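Sequences and hints are given; from them, build the entire structure.
According to our numbering, the sequence shown is numbered sequentially starting from 1.
There could be a bad hint or two in this list.
Taking CB as the label site, the calculated pair distances span [claimed, not checked]: (1) T244 / G386: 53 to 59 Å; (2) A341 / N110: 34 to 40 Å; (3) G417 / A88: 30 to 36 Å.
Below, a list of computed lysine to aspartate or glutamate pairs in the EDC-like style, where the Cα atoms sit at most 16 Å apart [to be verified]: (4) K283 / E354; (5) K380 / D307; (6) K396 / D384; (7) K396 / D301; (8) K284 / E332; (9) K179 / D189; (10) K385 / D301; (11) K179 / E354; (12) K56 / E79; (13) K283 / D384; (14) K171 / D189; (15) K171 / E26; (16) K171 / E195; (17) K55 / D18.
In short, the hints are calculated from the structure, not lab data. Since this is a predicted model, take the numbers as computed values, not measurements. Here a beta-carbon is modelled for each residue, glycine too, at the ideal position from N, C-alpha and C.
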Amino acid sequence: MGTSDIALERVQALLKVDTGDGSVYEHLVRIARAMATSKPDDALGRLESLSRSLKKGAYRGVAAPDQDEEVVADAAAEEKRQQWCEYAVNVARPPSDPTAAPKVLCAVHNFMEDAAMFEWAGVGFGKQETFHIAMSLRKLAADNESLDKLRLWGKILGISSDYYVAEGVLKATPGGAAKPALPGSPEDDVEPQGEGANTWCYWVSAGGAAPWIRLPSARASHIVAARKVKRLMTGSLGAPVDSTPWFPGKERHLLRSQIARISATCTLAVDGFFEPDDAEEAKKNAIRMSDPEGFTFPGHDALATLDSWKHAAPALLGTGKCTWPDLEAFEEGTLSEEQTAALTAAQEAEPAKEMLSGLGEDLADLLPEGAEGSPAWNIKVYGDKGTYTFEGGDAKSYRITAVRSMIWPGAISVAQGTKFANLYIGDGTKSAALVEPNKESGLPLANCAAFSSGNVKLPMAPEDVMDEPGDLQEQEEPQPPLPDEVSDGEDHDEAEAQ
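Structural data, given as C-alpha cells:
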C-alpha cells in the first residue's frame, strides 16, 4: 500500500468520527442526497443555507432554555437611563395619595402658560422640557411644606452643566421682630429672611433626574465681591472661584450673588399691579397685590412704553444690601458717634431707592439728548397685532409685549392680555456691549468691562497695549563736581601716591 493510500484512509477515518451529532462524512452525504433530490438551479449558492438547515435538524443535544438575554453595551448609560425613567415617573405622579386626603401645595406658578408667551418672544425650552420643568416644580412644592409661592426663575448656562433656578417664598414664621444687627458684625452681613436680597429663596438643579438643592442666603460681602468678578459658572456648586480680586466663597455663593443682582434689576411688574404694603407687621420694602376692583391692566399700546413697567424687587446699594440700618432702632450707646456720623454720611451720599420705581430712571445719564426711552431696556411687540371685538363689545388682542434688559442679556419680561411673567436665560454675567459708554469718561458700564472685574484685570486677561513712553526731562546732577576755584588745581593719582 502506497503512502497516498494510507493518507486517504486516515482522512476517511477522520471524516467518519462521530462527535455526538453525526460525522462530517454523514453530513456531506446528506447534502449530496438533498442536492440530488431537489436539483436546485443555483446549487453552489444554496450550499451554505442547506448545510446549516441539515445541521440544525440533525442536532441531538439538550435544547437550551428559550429566554432572551439582555445585552447592555454601556452599563453606565443604561443605569442613567433607568434612573431617568424612575425620576420621570415620580415627577409625573400626582403628589397626593389616591387613598388619602388631598395634599395642599403652595401656589406654584403655571409655567406651561408662561412658556407659550415666552415662545412668541423667541425664548423657550421646548414642549417636552417645559412639561418636565412644570412637573419638577410641582414635586419641589410637594417636598417642601414651608413654601408659600414657587416659580421658575430661569436658567444659568455653565461650562460643564447648567443650573435651572427655582424661586420661592417661605411662609412667615411666628415671632416678634428681631433686634437689629450691629453694623460691621457677621450677623449684619446677611439680611433677614424675607427682606432685601433674601426676599426670596432659590433652589437649583442640573436638570434631568438631578434633585433640587437650596442655595444659601445672600451675603452683602459676597454681592460686593461679585461686582468685581467676571466669571462663567462651571456647573459644580462646590467649585472654587479662582479670580482676581479674590472672591470669599465657592461657586454656590457666587451663583447666589449673581441671582440677587439680576433679580434686583430685572424683576418687573406692570404698573399698578403691586402696591407698597403699609401694614404694621409688613417687612421692609414689602409689596402686595393691588385691589382688583381698583386696578386696570394697562392696554396693549401702553405696555409698549416704559411708563407701564415698574421694578418689583428691592434695588441693591453699594453695600450689597437694599436698605440702610435704622439708627433709631439701636439703643443709646450702642453705636459710637463716629459710626453714626459715617452711616449718616453714607446714607445721604447714596439714598435707598424706593420700591416700584419706573424703568425710565435706569441709566438716564447715558441717554442721548432729545432721545426717549432708556438705554437699559428694549421693548418689542410680537405676534398678531390686530384687535378683535367679541360679543358684548369686548376688544381683545393676542399680541405679546416683551421687555429685554440690555444690562443683563437674557433677562426678559413678557405680557399678554392680563398676564405677565419674568424669566432669565443667560450666563449670569453683566454686559456693556449693548449699552453706550459714559459720555464724559468714555468708560463702559461699571463692573462689566470685557476681560475685567470692575476694571481690575483677571489673571488670564491680555495685557493692555501701552503707549510709547514720554521723553524724560533732563535733571541736574545731584552731586555736581567741585568748581576749579575750590580745588587746589593739582592732579592726584592714588596709584602714584602708594
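Verification of the supplied hints:
1. The given range of 53 to 59 Å is respected by T244 and G386, whose C-beta atoms sit roughly 55 Å from each other.
2. Taking the beta carbon of each, A341 and N110 are about 51 Å apart, not inside 34 to 40 Å as hinted.
3. At about 32 Å, the beta-carbon gap between G417 and A88 stays in the expected band of 30 to 36 Å.
4. With a C-alpha separation of about 14 Å, the suggested pair K283 and E354 falls inside the 16 Å cut-off, and the hint holds.
5. Straight-line distance between C-alpha atoms of K380 and D307 comes to about 14 Å, which keeps the hinted pair within the 16 Å bound.
6. Restraint check for K396 and D384: the C-alpha separation of about 11 Å stays at or below 16 Å, so the hint holds.
7. Between K396 and D301 the alpha-carbon distance is near 12 Å, which keeps this suggested pair within the 16 Å criterion.
8. Proposed proximity of K284 and E332 is contradicted: the alpha carbons are some 23 Å apart, above 16 Å.
9. Our distance criterion of 16 Å between C-alpha atoms is met by K179 and D189, whose separation comes to about 14 Å.
10. Distance check on the hinted pair: K385 and D301 sit about 10 Å apart at the alpha-carbon level, within 16 Å; holds.
11. Using a Cα cut-off of 16 Å, the hinted pair K179 and E354 is violated, with the two alpha carbons roughly 24 Å apart.
12. For the suggested pair K56 and E79, the alpha carbons sit about 38 Å apart, so the restraint of at most 16 Å is broken.
13. A threshold of 16 Å between alpha carbons decides the hint, and for K283 with D384 the separation of about 42 Å lies outside it, so the pair is violated.
14. Distance check on the hinted pair: K171 and D189 sit about 23 Å apart at the alpha-carbon level, beyond 16 Å; violated.
15. The suggested pairing of K171 with E26 is violated, with an alpha-carbon distance near 87 Å, which exceeds 16 Å.
16. A distance of roughly 13 Å separates the Cα atoms of K171 and E195; the hinted pair therefore holds under the 16 Å criterion.
17. Taken as a hint, the K55 and D18 pair is honoured in the structure, with Cα atoms around 13 Å apart against an allowance of 16 Å.
Checked against the numbered hints above, the structure breaks hints 2, 8, 11, 12, 13, 14 and 15 and satisfies the rest.
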